[in-house]
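Peer 1: Single-letter residue listing:
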Amino acid sequence: MSAVSKFFQSKFGIWSGFAGAAVALFGIMPLLLSGFRLGLFAQFLCYAIVAVGIGLAWGRGGMLTLGQGVYFGMGAYLMAMHLKMADAEFRNGPGAVPDFMELAGIRSLPAYWAPFASPVFTIAAILILPTAFAVLLGLAVFKRRVKGAYFAILSQALAGAFAILLIGQQSLGGFNGISRFQYFFGYTINDPVNQQMLYFIVAAVLLAVVALSLQLRRSRYGELLVAVRDSEERVRFLGYDSANIKVVAYAVAALLASIAGALFVPVVGIISPASIGIVPSIMFILGVAIGGRASLLGPVIGALAVAWAQTTLSEQFPSAWTYAQGLLFIVVIALLPGGIASIPALAKRFRFKNNAEAVEATA
Amino acid sequence: MQNRFKPTSRALAASAAILIAAGSAAACGGARAGDETAAAESCVDTSGDTIKVGALNSLSGTMAISETTVNDAIHLAVDEINAAGGVMDKQIELVDEDGASEPTVFAEKAEKLIREDCVASVFGGWTSASRKAMLPVFEDNDSLLYYPVQYEGLEASENIFYTGATTNQQIIPALDYLAETGVKSIYLVGSDYVFPRTANAIINAYAAAHDIEVLGEDYVQLGGVDFSTIVQQVNASGADAVFNTLNGDSNVAFFREYSNVGLTAEEMPVMSVSIAEEEVGGIGVENIEGQLAAWNYYQTVESDVNSTFVEAFKAAYGADRVTSDPMEAAYNSVYLWAATVEKAESFAVADIQANADGVSFESPEGTVVIDGDNHHVAKTARIGEIQSDGLLYTVWESEGPIEPDPFLEGYDWAADLTVTE
Chain Y
1290 MSAVSKFFQS
1300 KFGIWSGFAG
1310 AAVALFGIMP
1320 LLLSGFRLGL
1330 FAQFLCYAIV
1340 AVGIGLAWGR
1350 GGMLTLGQGV
1360 YFGMGAYLMA
1370 MHLKMADAEF
1380 RNGPGAVPDF
1390 MELAGIRSLP
1400 AYWAPFASPV
1410 FTIAAILILP
1420 TAFAVLLGLA
1430 VFKRRVKGAY
1440 FAILSQALAG
1450 AFAILLIGQQ
1460 SLGGFNGISR
1470 FQYFFGYTIN
1480 DPVNQQMLYF
1490 IVAAVLLAVV
1500 ALSLQLRRSR
1510 YGELLVAVRD
1520 SEERVRFLGY
1530 DSANIKVVAY
1540 AVAALLASIA
1550 GALFVPVVGI
1560 ISPASIGIVP
1570 SIMFILGVAI
1580 GGRASLLGPV
1590 IGALAVAWAQ
1600 TTLSEQFPSA
1610 WTYAQGLLFI
1620 VVIALLPGGI
1630 ASIPALAKRF
1640 RFKNNAEAVE
1650 ATA
Chain Z
443 MQNRFKPTSR
453 ALAASAAILI
463 AAGSAAACGG
473 ARAGDETAAA
483 ESCVDTSGDT
493 IKVGALNSLS
503 GTMAISETTV
513 NDAIHLAVDE
523 INAAGGVMDK
533 QIELVDEDGA
543 SEPTVFAEKA
553 EKLIREDCVA
563 SVFGGWTSAS
573 RKAMLPVFED
583 NDSLLYYPVQ
593 YEGLEASENI
603 FYTGATTNQQ
613 IIPALDYLAE
623 TGVKSIYLVG
633 SDYVFPRTAN
643 AIINAYAAAH
653 DIEVLGEDYV
663 QLGGVDFSTI
673 VQQVNASGAD
683 AVFNTLNGDS
693 NVAFFREYSN
703 VGLTAEEMPV
713 MSVSIAEEEV
723 GGIGVENIEG
733 QLAAWNYYQT
743 VESDVNSTFV
753 EAFKAAYGAD
763 RVTSDPMEAA
773 YNSVYLWAAT
783 VEKAESFAVA
793 DIQANADGVS
803 FESPEGTVVI
813 DGDNHHVAKT
823 ARIGEIQSDG
833 LLYTVWESEG
843 PIEPDPFLEG
853 YDWAADLTVT
863 E
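Those protein sequences? They're chains Y and Z, same order as listed. Under the working numbering, the first residue of the first sequence is numbered 1290, with each subsequent residue one higher. Under the working numbering, the first residue of the second sequence is numbered 443, with each subsequent residue one higher.
None of these hints come from the bench; they were simulated from the model. Yeah, the Cβ is synthetic: ideal placement off N, Cα and C, and Gly gets one too. Check before you lean on any hint, since a few could be wrong.
Far from chain Y by the CB rule (all over 10 Å, computed), these chain Z residues [stated by the list, open to error]: (1) 533; (2) 653; (3) 703; (4) 747; (5) 814; (6) 820; (7) 831.
Below, a list of computed lysine to any residue pairs in the SDA-like style, where the Cα atoms sit at most 25 Å apart [claimed, not checked]: (8) Y:1436 x Y:1575; (9) Z:626 x Z:671; (10) Z:626 x Z:598; (11) Z:756 x Z:727; (12) Y:1432 x Y:1537; (13) Z:785 x Z:727; (14) Z:756 x Y:1608; (15) Z:785 x Z:800; (16) Z:626 x Z:643; (17) Y:1432 x Y:1376; (18) Z:494 x Z:510; (19) Z:494 x Y:1327; (20) Y:1637 x Y:1619; (21) Z:785 x Z:598; (22) Z:494 x Y:1601; (23) Z:494 x Y:1602; (24) Y:1432 x Y:1520; (25) Y:1300 x Y:1601; (26) Z:494 x Y:1608; (27) Z:494 x Y:1605; (28) Z:494 x Y:1537; (29) Z:626 x Z:710; (30) Z:756 x Y:1594; (31) Z:494 x Y:1619; (32) Z:494 x Y:1575; (33) Z:494 x Y:1322; (34) Z:494 x Y:1600.
Per the computed footprint, the stretches of chain Y lying under chain Z, defined by three or more beta-carbons under 8 Å from a beta-carbon of chain Z, are [to be verified]: (35) 1358-1370; (36) 1469-1475.
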């Protein structure tokens, strides 16, 4: 183990790692980036929060969750419903119909929208609904020992079905989705101070989520999860119920995706089925694969790198950027199967190999 | 071993502390609901010899096939204006961005164009979803969008100019035409999103007031290609005509199935509102010959302005290319913006808004005039028939340009449809 990685696993190292990240996110980034770029970065951080969850479920637990768009979308739509209710109430008093429903010809508020006027109910729903859904689905799937490609196909089909379901719901904005939010818990969204504050909230949530992931990885549970990933049969023979172990990781990943979706809505200002279907779900996975799925920070780095590359490439080459992006994916996956996070280890191995060759040459 | 877990629980505590700190900092943050927020300062630079504008179209993704043609038309208009000396003696510098067929990307790139590139205005958008995503960006940053596609109406933003048709310039003339030709019953087929649903709501109201029977109303998912059931139902209904609001690839499958079961334009004509010259080739002329479409412009419109436009377009992009209504509306939008700037003698948004009323342009489709109240343009409606060369030929046109009425306030039978803000 190199001195660097030893340092970062020590008590002091973890503290200084978090302190460094906090300084970078709260101090340096706001100075470095314009208001627009900071907002964009906040959007990328939302993707990174999803990636932390995937890193846990896929990287540590071996479950290829190709359908995280479902949970991202649940969080996002729940938040969007609250913001729309608050906007309508501010304009036309309690019980008013959100503007997009008026256009769709819906004159009275659907009953299931009413509770979302309450911020407390909304936050509780964002935290509980997707998690509960993931637990139920996880139990149904993992207890029956569905795994590998079958699980991946199932989760992807779920994302596709969810997007199609939403397109058909005129009371959730249908194909257009929900947009045009004015207030976030009483604060005007279109105000530079509040936009920066939104960014700080997202950054703080990301730090908290990474800490949670670190805690889980280092706990007894984290060891069990890796054991299930590497040899589920053996873990079962030892007397553990491997399904329960997987359900926990899957539910945590769902919870993180839901939180990310809820933050995405005020940051980006729109949620539509196009942001949560099969393609966005695959993009989440791609970020994690490119960053390095099994490491702590790999998913975060990968999600940020993919989003940043997409924005930068498309700004530079508006008509040809998709080719460049595809090439980037192929190069990284072919040359760096362990992702960006494996570069330090690869560099070390390369140095060892050179040293060994040097020793052989002198012998 | 137990020791190992300690530092991480502290890390957890530390980040929880950060979260609380951020939360409490937010409490003393910026404007609350109801406070006046100052409009964003415009960063448009009008001091140099050039003026920047943006083109925001989907150059990748499912909409790319349609939207790249609009992008070409915008470039053509900019090149022509530059060759003629520019706007207020400034050359136009066009910044391209890719909306990638995704509403969130449209919102992101619109904000980038306004806040980072400091463009004076933006031309682009196609789907209603992309327009709805961009609308708050243009309103919050007080900038201008020129949107070139026919749409479902019921919208009038101070920060958007709509140079395509609204419903009373496309759908209602199409219904008038069908009624004139003796159609007493229709069948509605559409993609499942806001434009077809709104269009069909209007058609139902129109039909109720004009003694036309609506025999069925079916929707398929955007991009859906299974039409065997729907076409069977259409066939069995014996309707006098079909009103088609399908979008994109679904049209290919629908018309193939339609001609497979032996239905023809003579027997049961189909009136389409999303099929232009570009789409006919994909569907196959043999499947769609004789069918009807409703637009404001066809490549075959006979005028000197149009033949110059078509020649210039083919010279720039190839002799095999065709021109269509959204392309022409996008081309017009650049000229309308330039004319408004010249009239206002300013690139500022407020000056353009104040001077837009009555600005006109001799366009390929005929004279178009901006309505200063609702930011739409007066346009001539045309019903076209698809012929064997794959082009559309006008069979009926309105007497001069129709004034835009996005909220259908001038139609008694539409009173229940609209909610004006």
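Peer 1: If a hint holds in the structure, say so; if it doesn't, say that too.
Peer 2: Results of checking the hints against the structure:
no. : hint            : result
1   : 533             : holds (20 Å)
2   : 653             : holds (23 Å)
3   : 703             : holds (27 Å)
4   : 747             : holds (29 Å)
5   : 814             : holds (23 Å)
6   : 820             : holds (24 Å)
7   : 831             : holds (30 Å)
8   : Y:1436 x Y:1575 : holds (20 Å)
9   : Z:626 x Z:671   : holds (23 Å)
10  : Z:626 x Z:598   : violated (33 Å)
11  : Z:756 x Z:727   : holds (21 Å)
12  : Y:1432 x Y:1537 : holds (13 Å)
13  : Z:785 x Z:727   : violated (45 Å)
14  : Z:756 x Y:1608  : holds (21 Å)
15  : Z:785 x Z:800   : holds (10 Å)
16  : Z:626 x Z:643   : holds (18 Å)
17  : Y:1432 x Y:1376 : violated (44 Å)
18  : Z:494 x Z:510   : holds (20 Å)
19  : Z:494 x Y:1327  : holds (23 Å)
20  : Y:1637 x Y:1619 : holds (24 Å)
21  : Z:785 x Z:598   : holds (22 Å)
22  : Z:494 x Y:1601  : holds (20 Å)
23  : Z:494 x Y:1602  : holds (21 Å)
24  : Y:1432 x Y:1520 : holds (16 Å)
25  : Y:1300 x Y:1601 : violated (37 Å)
26  : Z:494 x Y:1608  : holds (19 Å)
27  : Z:494 x Y:1605  : holds (16 Å)
28  : Z:494 x Y:1537  : violated (53 Å)
29  : Z:626 x Z:710   : holds (12 Å)
30  : Z:756 x Y:1594  : violated (41 Å)
31  : Z:494 x Y:1619  : violated (36 Å)
32  : Z:494 x Y:1575  : violated (36 Å)
33  : Z:494 x Y:1322  : holds (22 Å)
34  : Z:494 x Y:1600  : holds (20 Å)
35  : 1358-1370       : violated (count 0)
36  : 1469-1475       : holds (count 5)
Checked against the numbered hints given earlier, the structure breaks hints 10, 13, 17, 25, 28, 30, 31, 32, 35 and satisfies all the rest.
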